[in-house]
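Residue numbers (the numbering used here), protein chains in the order written: chain Z, 147 to 324; chain D, 147 to 324.
Be aware that a few hints might be false.
[As the list claims (entries may be wrong)] Distance ranges between label pairs, derived from CB positions:
1. Glu172/Z to Pro283/D: 45 to 53 Å
2. Lys267/Z to Asp297/D: 53 to 61 Å
3. Asn284/Z to Ala275/D: 38 to 46 Å
4. Lys271/Z to Lys267/D: 50 to 58 Å
5. Arg171/D to Pro291/Z: 41 to 49 Å
6. Pro291/Z to Pro283/D: 55 to 63 Å
7. Ala279/D to Glu239/Z: 52 to 60 Å
8. Arg268/Z to Asn314/D: 58 to 66 Å
The set of hints was computed from the structure by calculation and includes no laboratory data. Quick reminder that beta carbons are idealized off the backbone N, C-alpha and C, glycines included.
Number of protein chains: 2
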Amino acid sequence: MKAFTAWFTGLPSSGKTTLANLLHRELLQKGIVNAELFDGDVVRTHLSKGLGFSKADRDTNILRIGWVCQLLTKHGVSNIVAAISPYREARNEVRAMVEKVGGEGSFVEIWVRCPVEQCMKRDAKGLYAKALAGKLPNFTGISDPYEEPLDADVIVNTKVETPTESLNKVLRLLEKRM
Amino acid sequence: MKAFTAWFTGLPSSGKTTLANLLHRELLQKGIVNAELFDGDVVRTHLSKGLGFSKADRDTNILRIGWVCQLLTKHGVSNIVAAISPYREARNEVRAMVEKVGGEGSFVEIWVRCPVEQCMKRDAKGLYAKALAGKLPNFTGISDPYEEPLDADVIVNTKVETPTESLNKVLRLLEKRM
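Bound-form chain Z, shown alone (with noise of 0.2 Å):
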């Protein structure tokens, strides 16, 4: 199997990292172990400590795990990454870095498409609550924009679909194309 990127982007509570881990466990038991999981908040602690959720630190954020995914798919390394990412040149430029080391199509990117009004229901880490009560400014999906893929390679649709449905989604995708 080819080196990728499986990158998974959406609002907060919409399932990036159920979705990531599951495909993360599902590789492992097949035997691949030559993938790192990448989950933004963790990430943040070990490479982010200090960035806001301004524009600019969001970005730089991204673009940081991106840095990291370029490295390790130049050595055959694929990577699962959940991070929110509302920012689509963000998003195109982590795709540009990965692709020029692992090919065209290296890149998968993810939509965890889900309506805000089901993410608020499940809000997991009660941050929504928060945002909707003015505590949390630089919230996405309340106070700051997420900016919707316009050429997501897959997308799935975690309010109607199970997370099976999902991860088999990207499994088969994954499968043509690597």
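Could you slot chain D onto chain Z? The hints should help.
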């Protein structure tokens, strides 16, 4: 060859980058392509834009490089790092991070030793001159400390050794250990 991290530490203009480049080229000539070269200054643009040269910021920068080295080590990729890395504790933390996944001895601390007077004479980037003129605060060796390694794996003395002699010291250790 097991994955290793060759970490060149020392004063500005001590010869870290020169030796790191030589080592990288030597590995490539031997057909060892699974190695990455990290130059402190270059890494700052990708990982640490916005960080300054206070102790806290320097440590953060070093730990970020260490985190990336750990990731690559996990996947069998070696690292060659040239970074002043003036603080002992941060260097030791990086050693621990790398050896946690690469095994004991996978981190090789190379002290690029050179008297500050000699480094000043070289002053490849004209920075000592600036620092001595008081125009560059927090400059290691002049207005910022350098904590010499107490237990380096290799010590190269670039004032008296040729680059090839220093390189050979490093290669001998790597061959023995990896």
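Against the structure, the hints:
no., hint, verdict
1, Glu172/Z to Pro283/D: 45 to 53 Å, "holds, 52 Å"
2, Lys267/Z to Asp297/D: 53 to 61 Å, "holds, 56 Å"
3, Asn284/Z to Ala275/D: 38 to 46 Å, "holds, 43 Å"
4, Lys271/Z to Lys267/D: 50 to 58 Å, "holds, 56 Å"
5, Arg171/D to Pro291/Z: 41 to 49 Å, "holds, 46 Å"
6, Pro291/Z to Pro283/D: 55 to 63 Å, "violated, 39 Å"
7, Ala279/D to Glu239/Z: 52 to 60 Å, "violated, 39 Å"
8, Arg268/Z to Asn314/D: 58 to 66 Å, "holds, 60 Å"
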